[in-house]
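Participant: Protein chains in written order, with this note's numbering: chain F, 3 to 332; chain P, 7 to 125; chain A, 261 to 349; chain H, 35 to 551.
FYI, nobody ran anything at the bench for these hints, they're computed from the structure.
Incorrect hints may have been included.
[Stated by the list, open to error] What the simulated footprint calls covered on chain H by chain F, stretch by stretch (three residues with Cβ under 8 Å from a Cβ of chain F suffice, anywhere in the stretch; the number is not a length):
#1 104-117
#2 145-155
#3 363-372
#4 474-487
Model, not experiment: these values are computed from the prediction.
Even for Gly, the Cβ is constructed at its ideal location relative to N, Cα and C.
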Amino acid sequence: MQIDLRTVSIKPQRQTYGHIARRFGDKPASRYQEGTFDLQPTANFHYRPTWDPEREIFDTSRTRLQMKDWYAFKDPRQYYYGAWTLARARQQDTAESNFDFVETRNLGALLADDVRQQALDLLLPLRHAAWGANLNNSAICAYGYGTAITQPCMFHAMDNLAIAQYLTRIGLLLGDTGSLAAAKERWLYAADWQGLRRYVEDSFVVQDWFELFVAQNLVLDGLVYPLFYKTVVEDELSLRGGTAVAMLTQFMTEWYAETTRWVDAQIKTACAESPHNAVMVRDWITAWQSRALEALKPLAQRALGERAGSTLDDLATQFAARVAKCGVPV
Amino acid sequence: MQVAAVKDYVGVPRDVVDNFHGNQLVFIGWDDHLMFCAPLAFPFPPTLRFGDIVEKVLPGAYGYHPDWAKIDWSKVEWMKSGEPWTPHFNRSLAENGIGHKDAIRFRTPGLTGIQGSCS
Amino acid sequence: MSRVFIALQTNDDTRPIIESILADNPHAVPVESPAMIKIDAEGHLTVKRESISELIGRDFDLQELHTHLISLSGHIDESDDEFTLYWDN
Amino acid sequence: MDMQVPKKKLGLKERYTLMTRDLAWDTTYQPKEKVYPYADYEGIRIHDWDKWEDPFRLTMDAYWKYQAEKERKLYAIIDAYSQSNGHLGVTDARYLNAIKIFLTAVTPLEHMAHRGFAHAGRAFPGAGARVACQMQAIDEMRHAQTQIHSLSNYNKYYNGFHDFTHMYDRVWYLSVPKSFFDDAITAGPFEFMVAVGFSFEYVLTNLLFVPFVSGAAYNGDMGTMTFGFSAQSDEARHMTLGLECIKFILEQDPANLPIVQRWIDKWCWRGVRLLSIVAMMMDYMLPKRVMSWKEAWEIYFEENGGALFKDLARYGIKMPACAEQIRLEKDHLSHQVWATFYNYGGATDFHTWMPTEDEMQWLSQKYPDTFDTYYRPRFEFWREQQEKGNRFYNQTLPMLCQTCQIPMLFTEPGDPTKICYRERTYKGNKYHFCSDHCQHIFDNEPEKYVQAWLPVNQIYQGNCFPEGTDPSAPGFDPLAAVLEYYRLNIGRDNGEFEGSEDHRNFEAWRGMAKRND
Numbered sequence: 003m004q005i006d007l008r009t010v011s012i013k014p015q016r017q018t019y020g021h022i023a024r025r026f027g028d029k030p031a032s033r034y035q036e037g038t039f040d041l042q043p044t045a046n047f048h049y050r051p052t053w054d055p056e057r058e059i060f061d062t063s064r065t066r067l068q069m070k071d072w073y074a075f076k077d078p079r080q081y082y083y084g085a086w087t088l089a090r091a092r093q094q095d096t097a098e099s100n101f102d103f104v105e106t107r108n109l110g111a112l113l114a115d116d117v118r119q120q121a122l123d124l125l126l127p128l129r130h131a132a133w134g135a136n137l138n139n140s141a142i143c144a145y146g147y148g149t150a151i152t153q154p155c156m157f158h159a160m161d162n163l164a165i166a167q168y169l170t171r172i173g174l175l176l177g178d179t180g181s182l183a184a185a186k187e188r189w190l191y192a193a194d195w196q197g198l199r200r201y202v203e204d205s206f207v208v209q210d211w212f213e214l215f216v217a218q219n220l221v222l223d224g225l226v227y228p229l230f231y232k233t234v235v236e237d238e239l240s241l242r243g244g245t246a247v248a249m250l251t252q253f254m255t256e257w258y259a260e261t262t263r264w265v266d267a268q269i270k271t272a273c274a275e276s277p278h279n280a281v282m283v284r285d286w287i288t289a290w291q292s293r294a295l296e297a298l299k300p301l302a303q304r305a306l307g308e309r310a311g312s313t314l315d316d317l318a319t320q321f322a323a324r325v326a327k328c329g330v331p332v
Numbered sequence: 007m008q009v010a011a012v013k014d015y016v017g018v019p020r021d022v023v024d025n026f027h028g029n030q031l032v033f034i035g036w037d038d039h040l041m042f043c044a045p046l047a048f049p050f051p052p053t054l055r056f057g058d059i060v061e062k063v064l065p066g067a068y069g070y071h072p073d074w075a076k077i078d079w080s081k082v083e084w085m086k087s088g089e090p091w092t093p094h095f096n097r098s099l100a101e102n103g104i105g106h107k108d109a110i111r112f113r114t115p116g117l118t119g120i121q122g123s124c125s
Numbered sequence: 261m262s263r264v265f266i267a268l269q270t271n272d273d274t275r276p277i278i279e280s281i282l283a284d285n286p287h288a289v290p291v292e293s294p295a296m297i298k299i300d301a302e303g304h305l306t307v308k309r310e311s312i313s314e315l316i317g318r319d320f321d322l323q324e325l326h327t328h329l330i331s332l333s334g335h336i337d338e339s340d341d342e343f344t345l346y347w348d349n
Numbered sequence: 035m036d037m038q039v040p041k042k043k044l045g046l047k048e049r050y051t052l053m054t055r056d057l058a059w060d061t062t063y064q065p066k067e068k069v070y071p072y073a074d075y076e077g078i079r080i081h082d083w084d085k086w087e088d089p090f091r092l093t094m095d096a097y098w099k100y101q102a103e104k105e106r107k108l109y110a111i112i113d114a115y116s117q118s119n120g121h122l123g124v125t126d127a128r129y130l131n132a133i134k135i136f137l138t139a140v141t142p143l144e145h146m147a148h149r150g151f152a153h154a155g156r157a158f159p160g161a162g163a164r165v166a167c168q169m170q171a172i173d174e175m176r177h178a179q180t181q182i183h184s185l186s187n188y189n190k191y192y193n194g195f196h197d198f199t200h201m202y203d204r205v206w207y208l209s210v211p212k213s214f215f216d217d218a219i220t221a222g223p224f225e226f227m228v229a230v231g232f233s234f235e236y237v238l239t240n241l242l243f244v245p246f247v248s249g250a251a252y253n254g255d256m257g258t259m260t261f262g263f264s265a266q267s268d269e270a271r272h273m274t275l276g277l278e279c280i281k282f283i284l285e286q287d288p289a290n291l292p293i294v295q296r297w298i299d300k301w302c303w304r305g306v307r308l309l310s311i312v313a314m315m316m317d318y319m320l321p322k323r324v325m326s327w328k329e330a331w332e333i334y335f336e337e338n339g340g341a342l343f344k345d346l347a348r349y350g351i352k353m354p355a356c357a358e359q360i361r362l363e364k365d366h367l368s369h370q371v372w373a374t375f376y377n378y379g380g381a382t383d384f385h386t387w388m389p390t391e392d393e394m395q396w397l398s399q400k401y402p403d404t405f406d407t408y409y410r411p412r413f414e415f416w417r418e419q420q421e422k423g424n425r426f427y428n429q430t431l432p433m434l435c436q437t438c439q440i441p442m443l444f445t446e447p448g449d450p451t452k453i454c455y456r457e458r459t460y461k462g463n464k465y466h467f468c469s470d471h472c473q474h475i476f477d478n479e480p481e482k483y484v485q486a487w488l489p490v491n492q493i494y495q496g497n498c499f500p501e502g503t504d505p506s507a508p509g510f511d512p513l514a515a516v517l518e519y520y521r522l523n524i525g526r527d528n529g530e531f532e533g534s535e536d537h538r539n540f541e542a543w544r545g546m547a548k549r550n551d
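Let the hints inform the model, and build the full structure from the sequences given.
Facilitator: Right under this line is the structure:
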């Protein structure tokens, strides 16, 4: 017998899971909410970690930040795995057509030699910086507290891996494996890259995961992305006929614009929680920002010549304005 | 063996007797009666008379079983930590040497559960 | 020789994949279950890009297998053209 | 360079190397031991991370492409299934109880795996291994979420799904999966990989995700079938990672062998104990059955696992010592576990019942050497009693195994009539075990297992009442207080299936669907 189940109208007993209803009321919940909130265990852990015997498996004391509710860290993009993957797959489609466009029309070959060389020189070592960001965000996911912030950090880690891979493809498209090797040499040994490399390596040993979030996702990305992808690629190289390069880095530009909103929301939430947090965040920013600006000086110099100083000043001013908007005290 | 760890790794036992507010844990199993899927756990004061367990506590735990009423207590065989052992019904747990988390088993000869299946 | 296996969902996309696996691996044995098929094979089993491409009339990327795969066993050797499962025993 | 010369297309392996491990470098501003502080303490010796063979060579662009395709399909089915009241199409409402167990016992483990792989994805000094672990970290998040989303619609109509994260941290039987993963994630990254990446993924997840999920399809549960198979398609990558990891560790240094063998022995056993609940789900909770637990076990553990261990023999790895006991238990496991949940059905977030005569015949046929002799008499007795209105509930909390935390329900290997008791005294305290293997695990690391949060013992310590409870108040009902602490609704979520609210509602809703008024 064919039953048309669709015609049955039955009244649900409840609209969502209990923990979601206690937070948002018993009404239909979004997939982001159901897939995120209170997912991480909080009580009755069985054993202490052999890698951190003084703490519980998930432990709020792995950062000096203090929160009454760690799920205050909401993601404005409302990314759960499916939403994130679909968004990135769409961006990947665009990136793929951009790469195709440049490749099939051989636009790489049409670039002036100095433009191409500068793109390779400045962008390819950033593969390693993106790889560092991948490592750091994996750490924040591993040692952070509450799925609302640990989850997007894992997505962020993979985004950074993807960026490192796009940069690799750019290297292979505009150059060859030799270009990648040469860029790695520069990352390892060239004097003008050492400040940045040192910053990244020092971030690897930061123990406090929220400090790491500030050092990596707010400060370093907040200065590196505008400098390289906006100023150098979109402004400087495009003026010199390098629009093709901007096509190849479109993913990074869009990604930075998108993730900035998320990063800022986290900083804002942390600072709004308490003056204790706000001061802590401010001190972290201050310490890491001066190091980052210092590290970027020789690279800006190289890319922009005498405009380097004023560009970095502008960058610092814009960054200060961004941070102020997040409620970080002066 | 030591636990491999980045620094000294010492576990805090969660079930020490001091955590039981004056009670101790005693585990009791009735052999050949797997209708009760596992031995049972009880919190008892060490001053409790052993006979009171058999007379007042176990009927509530095991009385559902048709064999329970047929037990001849004079023939029951007892074990503690897997070794044959004889309890004194009129003595307390402590006087019987029953410590925290001791496991006691009893066998009721001739009674082998539902249709002899040890259920 | 130990047996390897690959298990795939049964749907319209996997029909040609299953067909070509069975054609390319005459020693393979299909075992059907609700909504899935498990293909067992003594020693080794190879999925060939070329064969699937021929059946579907377009270029098949072996990584498309990921969309329909349920499970597998054996060591994996993966190239652009072939995806092989094998045991060395 | 001359851009006019067409470039040689790089092969998959070469290209993947550039896309992953070539991104890494040896740090010089910070010493390696500080950058990777968890790499050495387990005693595993790695000399050359470059020897790591990448198991699957998915770059992020391809990953997004294929995963997005899977997600689109999955969510389209979930939407269609809930919009069309698909839940009324399952064989009968008893089935849903298996899915409640899935959500409370498995889904939180997916989240734990997500965090554990993030940890491993940070901790390994080898770049290839790190990327593989990170990819698994996001996959595991996917599994947690697709399960939550698929089962969300069931939660709207049926009881017991409603507080799975809260229950995972508290409910007695859920300490079994919780302690399993807590054990794995508190270990070092190498042991974690052997535990989850190898023993669990490679040897055991097939049993849950392949025959059980195929069973879900057979019982009309398209939601579970879809997330189950879709998740398992990621597992194929994960299993390969687990196997690669084992091979890599063993090839690096002969001194690694005894450590890895001990981990394999430990984790196969812990995994087998954890899967006891799946045995019962397959044999007792699927109204329509694809195959018995024993048959699934023979295909996926004995045959498939056997081939694997035969292959690893070249490294000196032996089949885990527990294999013989596992072989003896396969005829008993599902029956003993179901009997246990029937005993304590008053304290679970799902319903239990006695099989019908038809189902008992199926069980006799699938388990000819054991079912009629040892289990049928018990089950028939219980069924008779229930029909007389005297449904059996065990009134007293059970004794638990210190290691696997399962009630001490397992019988002596070779004698299914005698409970298996093992005990140890360590630093003046007694500890009890369900088996030699659980005892060995304890003996190897007593400082770890003395910490176990055993639900029964915690209840007797007074730690499982809602905040603010006064146990000395007159008329205090400890069991009710414990169930309240669990957020379990007495009389709705627990107890006998026959006549339960789920049972009545399902019948009524199906009745409405069949009538045209």
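Participant: Three or more residues of the region 104-117 of chain H near chain F by CB distance under 8 Å?
Facilitator: It holds: at least three residues are needed, and the region 104-117 of chain H offers 5 whose Cβ sits within less than 8 Å of chain F.
Participant: Cut-off 8 Å, C-beta pairs, minimum 3 residues; does the coverage of the region 474-487 of chain H by chain F stand?
Facilitator: holds (count 5)
Participant: At least three residues with a C-beta closer than 8 Å to a C-beta of chain F: is that true for the region 145-155 of chain H?
Facilitator: Result for this restraint: holds, n = 7.
Participant: Check whether three or more residues of the region 363-372 of chain H sit with their beta carbon closer than 8 Å to a beta carbon of chain F.
Facilitator: violated (count 0)
The earlier numbered hint that this structure contradicts is number 3, and it is the only one.
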